[in-house]
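Undergrad: Put the two chains together into one complex; each comes in its own frame, and the hints tell you how they fit.
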Amino acid sequence: MSMQPLRRVMSGLKGGLLGALAVTVVGALPAAAQAPAAGSAATLDAIKARGTLVCGVNTGLAGFAQPNSQGVWQGFDVEYCRAIAAAIFNDPNKVRYVPTTAQSRFTALQSGEIDLLARNTTWTLSRDTSLGLDFTGVNFFDGQGFMVKTSTGVKTAKELNGATICVQPGTTTEQNLTDWARANNVQFTPVVIERLEELVGAYAAGRCDAYTTDVSGLAATRSSQPNPAEHTILPDVISKEPLGPLVRHGDQRYADLVRWVHYALVASEELGITQANVAQMAANDTRPEVQRMLGKNGGLGQMLGVSNEWVVNVIKATGNYGEIFARHLQPIGIQRGPNALWTTPGGQQYAMPFR
Amino acid sequence: MSQTSTDPRHFRAPPKRQLRLSWADERVRAIVWQVVIVGIVAGVIWWLVRNTQHNLEVRRIATGFGFLQREAGLPIGEHLIEYTPASTYFRALSVGVLNTLKVALIGIVLATILGTLVGIARLSKNWLLAKIAAVYVEVIRDIPLLLQLLFWYTMLQGLPAPRQAMNPVTGVFLSNRGLRLPFLDWQVAHSWALLAFVAGLFGTWLTARALRRKQMADGKPRPLWPAALGLIIGLPLVVWLAGGAPTAVDWPALRGFNFQGGFTISPEYFALLIGLTTYTAGFIAEIVRAGILSVSQGQWEAAQALGLRPGVVLRQVVLPQALRVIVPPMTSQYLNLTKNSSLAVAIGYQDIVSIANTTLNQTGQAIEGIAIIMAVYLTISLSISFSMNWYNNRIALVER
Numbered sequence: 001m002s003m004q005p006l007r008r009v010m011s012g013l014k015g016g017l018l019g020a021l022a023v024t025v026v027g028a029l030p031a032a033a034q035a036p037a038a039g040s041a042a043t044l045d046a047i048k049a050r051g052t053l054v055c056g057v058n059t060g061l062a063g064f065a066q067p068n069s070q071g072v073w074q075g076f077d078v079e080y081c082r083a084i085a086a087a088i089f090n091d092p093n094k095v096r097y098v099p100t101t102a103q104s105r106f107t108a109l110q111s112g113e114i115d116l117l118a119r120n121t122t123w124t125l126s127r128d129t130s131l132g133l134d135f136t137g138v139n140f141f142d143g144q145g146f147m148v149k150t151s152t153g154v155k156t157a158k159e160l161n162g163a164t165i166c167v168q169p170g171t172t173t174e175q176n177l178t179d180w181a182r183a184n185n186v187q188f189t190p191v192v193i194e195r196l197e198e199l200v201g202a203y204a205a206g207r208c209d210a211y212t213t214d215v216s217g218l219a220a221t222r223s224s225q226p227n228p229a230e231h232t233i234l235p236d237v238i239s240k241e242p243l244g245p246l247v248r249h250g251d252q253r254y255a256d257l258v259r260w261v262h263y264a265l266v267a268s269e270e271l272g273i274t275q276a277n278v279a280q281m282a283a284n285d286t287r288p289e290v291q292r293m294l295g296k297n298g299g300l301g302q303m304l305g306v307s308n309e310w311v312v313n314v315i316k317a318t319g320n321y322g323e324i325f326a327r328h329l330q331p332i333g334i335q336r337g338p339n340a341l342w343t344t345p346g347g348q349q350y351a352m353p354f355r
Numbered sequence: 001m002s003q004t005s006t007d008p009r010h011f012r013a014p015p016k017r018q019l020r021l022s023w024a025d026e027r028v029r030a031i032v033w034q035v036v037i038v039g040i041v042a043g044v045i046w047w048l049v050r051n052t053q054h055n056l057e058v059r060r061i062a063t064g065f066g067f068l069q070r071e072a073g074l075p076i077g078e079h080l081i082e083y084t085p086a087s088t089y090f091r092a093l094s095v096g097v098l099n100t101l102k103v104a105l106i107g108i109v110l111a112t113i114l115g116t117l118v119g120i121a122r123l124s125k126n127w128l129l130a131k132i133a134a135v136y137v138e139v140i141r142d143i144p145l146l147l148q149l150l151f152w153y154t155m156l157q158g159l160p161a162p163r164q165a166m167n168p169v170t171g172v173f174l175s176n177r178g179l180r181l182p183f184l185d186w187q188v189a190h191s192w193a194l195l196a197f198v199a200g201l202f203g204t205w206l207t208a209r210a211l212r213r214k215q216m217a218d219g220k221p222r223p224l225w226p227a228a229l230g231l232i233i234g235l236p237l238v239v240w241l242a243g244g245a246p247t248a249v250d251w252p253a254l255r256g257f258n259f260q261g262g263f264t265i266s267p268e269y270f271a272l273l274i275g276l277t278t279y280t281a282g283f284i285a286e287i288v289r290a291g292i293l294s295v296s297q298g299q300w301e302a303a304q305a306l307g308l309r310p311g312v313v314l315r316q317v318v319l320p321q322a323l324r325v326i327v328p329p330m331t332s333q334y335l336n337l338t339k340n341s342s343l344a345v346a347i348g349y350q351d352i353v354s355i356a357n358t359t360l361n362q363t364g365q366a367i368e369g370i371a372i373i374m375a376v377y378l379t380i381s382l383s384i385s386f387s388m389n390w391y392n393n394r395i396a397l398v399e400r
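Residue numbers (my numbering), protein chains in the order written: chain A, 1 to 355; chain B, 1 to 400.
Worth flagging that the hints you see were computed from the coordinates, not collected in a lab.
These numbers were taken from a predicted model, which means no experiment stands behind them.
Hints are not guaranteed to be accurate.
[To be verified] Residues of chain A placed beyond 12 Å of chain B at every Cβ, according to the derived structure: (1) N68; (2) K149; (3) A205; (4) R207; (5) T232; (6) G250; (7) Q291; (8) G295.
[Stated by the list, open to error] If you anchor each label on the Cβ, the simulated ranges turn out as follows: (9) A:K48 - B:V32: 48 to 54 Å; (10) A:T156 - B:L254: 52 to 58 Å; (11) B:T170 - A:S151: 27 to 33 Å; (12) B:V249 - A:N161: 49 to 55 Å; (13) B:Q69 - A:Q187: 44 to 50 Å; (14) B:R50 - A:T156: 28 to 34 Å; (15) B:L293 - A:S151: 23 to 29 Å; (16) B:L254 - A:L125: 38 to 44 Å; (17) B:P160 - A:W342: 34 to 40 Å.
From the three backbone atoms N, C-alpha and C, an ideal C-beta is built for every residue, glycine too.
The shape of chain B in the complex, shown without the other chains (with noise of 0.2 Å):
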């Protein structure tokens, strides 16, 4: 229906009201009190940084980023990128920062998995089950995280050592100086099928996509597998053929004091994941556990009542619906457990903050140091916010 009243209330604007420059009126009230806290913010802020340069003055103290051009001559034990002793500090920084994300990134993915599976078991009618998840979250949740942390790196330097390390299948060792597994011999194939593999995911999603707009014109369900398989499994492997089938694998062996060759996850990191994961899985739960009890059981019976099978009514329906009160909590615990990473100073994990705490030691600029950890981790912060909030607009329910 179209709009066509000749009412004026409904096309006139409203009349505009004078300002007066007098305290009586709200707006100039206002004005003056945006001015005035801006101004003391502000103001303070000089203060501060005034401050700070006067008395970097007078104590000598030498300022600047300049630093991070000079060799570090830090020894890191792992990194993803090259790296060695010569390396400038900003090199050593950005190992830093890799590393602080390898640890969060994983542990999200991990935690988010063990989280929902707690959080789903402590709901479950297994009394057992259900009595478990809950002593699980319980206990994980009351004990201090460094405390776990420190649990867990001690609990694996009670690992063999390298000469008496455990070996359950050829090829794997288990000690105290971490585990090694056999790694392909990496060939420039083996990067092509990577491609490939990623480039089937996406297919793959485009597949899914096609496929329920034809569901929704026809009704029809139609099976996504074929596709799946085709471009997730089929596509590197032809990639991988084509490009020769190098299958040269890089066997960890004891040389001298320690294994040389496969891939290593050391005690450090492998103890920092484990902590950060359980700790956060814990919280997790019970966010996962909230959302699926906010959903109330009319709308479980009355998907049942149209018919649809368990898994398409926890998916269809009861699911979009959880999401909405899970996800503004879970953004928290992403971010508490990209922070709480900084911990791996304690048992020797060489994130960000370690790193930049020893350029700090050796250049004495310890307010630069500082700023580029604050940075790191605010950067790091806002992209997961960003994303998550991204994803909790796509996923709210559309009000109709």
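Okay, chain A solo, but in the shape it has when bound (with noise of 0.2 Å):
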């Protein structure tokens, strides 16, 4: 047994006990060292003055965030914090990655420990309204769903009366589990376990029957068993879970930063531009909207406070949404359905007009 799941359960233990504290003493310093905290205009000037975004990610969720064999971050939320960063600094690279647990993550934005929430997060009304938060759009149209192991027989949910089933806490899964469980009258055992791998490995060991996440998650821990095939997710899906990032209350201008650079992605894939080709379209395309987005005209870069160039340079940096998406959630069986663009049947990703 390594090292590593002590060190991780003991920050997720810590997680709670730290934001407390840090509420309780940060802030209390000087204005001038008070920077990153909440309510302060600054937080983009401070992010520039620092020289890297810090980005609160997931602590390990295959096509999501999780480091390669490398050690270098990678997945679908990572490229939101690269993006990011490719806008300010012209440098996908200027970003420290923060691995957080569901419960850790809320209190390291409060307290300033992170500039930014990129971390699977369902936007709720109690979220949005309590933590002092602010949910910038939905990167990620998701819902929430069960895998069971395929020789159970199992077909629909509904089959899971008398199951144990696998939870984190600290979720809106968890909430959506109880009601579910109560609107369709089944009886259910929870087995509830903070880390993400000590849970998946008690459902893969057999201590529960079904295990219930949102629908991306189930696919990425699929993929990540050693044999995918033996793990059934079941065609039920019991909740919207409209995930996105998160910046802290307050700091409008930072927000839409974080909120313009989501839709960038989205409208360069509607305008069809990519890694490949954004040098020349910058160069070459006539079209005004493209002009304006590319930098050309307009002075769009500027009302957000970053260069004029900044879509050229996040997407050299990442791709646009669709190219993101095929690189990191296809490979593990995600299909784009509702993330598909609008223009297309059942798809909901809609960027606003640039202009």
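TA: Take a look at the structure:
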């Protein structure tokens, strides 16, 4: 057994306490040292002065955020950190990644430990209002589902009456599960473990009959099992899970930048701007919206507090939304589905106009 | 002898010293320093509280304990009191406190028994037994508790699935879902019998005291066991028979995914209990060994020379003196065990920390959540400390 899980569990345990302490102590410092604290309108300036973006990501979820064998963070959420760093610094590598657990993520952002939380977090009313945080958009439309061992022969979620179900605590997943079970009169025994690795381990070892989380997470877990065919994701989707990046409440200028980086990724896909052709399009494309987006005119970048070539820098670094999706999520078996562009049937990804 | 001295030094109060407002006066200096230090501490606390309030307001983070009355909606696998996801956060947290107490109290009892046995074994003249105890203590003490918990939990997951459950005795099933035992279909008569059992224990204790007083008076030892047997076994039996002698048993049976009925010990609880018990027992063993070794050999020999039997020597001579050394550090171990139970989060046993963490995550009220956890542990720990201190004072040797 390596020491890795030990360290991670300890950090998970400390998350809540550190957050509480941070709220108590941060901001007690003189105003000058208080730059990253919430409520101040200077997050972007603080990031520029520091020279790096501090980005909170998952501790390890295949396809979304996971270090590769060289220790470089990769994934769908990680690309958002890289895109924002590219927009600010024209360098997608000026990011420091902070792994956060389901429980430590909000306090990490509240306390100013991270500038951005890009960690498959569901947008809900209570989170939007009571945490002192703001959601900047939906970069992934998800829904909660169940995964079972194929050998159990379970075909729909309602057959899970009497089952033991593995679930991560401190997430909307837990609440959706109980809501759904009450609505459908399904009795179940929960096994609640915070660390994803231990939870998936318990499911794989047969401690639970089913494992529930967002379908994207199920697909990621299934793909990382030794034999994915042994596991089946049930067709039932029991909730809406719009996932998106979060920033602290009160700094609208910085929130605007994060929001528009997402729209830039989606709009680039709409307009056919890709990592390969972005330089050439910036030089030659005559469509007015493309010219405004890629900084030829309009001064849109300045309005956001970054250089006018920000979209060029972002797309050079990460490619457009469709490219990011194809690179990280399609290999683990997640289809575009609702995350296709609005121009395709069933698609919901829609960018606000660049003008 | 009465004191009838006429010497004025025996009854006259010492002359009052004038308090001079001068730095040279030791008492003035002491008062000034105390005021300054209390002032600094109060100032720091006031500053932290004010900052916290200010920051919470600026960040628009909700405050207060109003959330305790809201519906929790979180699933809890093990609960000693009635709980459904429709219950309030307060109820959910109470379940968490009871779960913590359940593992801490049983853990303390088991760790004390195991630790005492190992501690005595380490002093044994049997070479093998002594070495085994020594190896146990060294290995258990030197591995972090969290790793031990993960080890036990992983081991328990290696048990077979419910359908292939081990079935050593009729009605007992051991699988990776835990240990299922048949349990009495609980009736009112059982509650009365249980009450009679507790009353029997108390009666036995009173009898033992009365018998000891008589022995002190005339020196003749009297047997306790007939009264104990009657009170502890007989009384509950009579009550149970009078209640109609219900014998229905709730047998566990495999239905659908899992066993239904009976009584379950979950793998999470079991792993935590074994981990805490074996770990703490390693430390208790050393305390017990130190305590027994602290009683000088002369005491043993002197007691034996008086013709006392070995059991009496241990009970009446050695143990009272050893306990003086054993009890204070034992309190620390009990506190450690209780606090270490918060590692339950790692293996999915829903104790107070686990449930409070989920609560603070769902409500976003970290400060209140952490305050609740701290208050719970402080209350449990202070209760243990007080009762152990009371016990320590009781057994302390009275110096004459």
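Undergrad: Compare the structure with the hints numbered earlier in the document and write down the numbers of the violated ones, lowest to highest.
TA: Violated hints: 2, 3, 4, 6, 10, 12, 13, 14, 15 and 17; rest satisfied.
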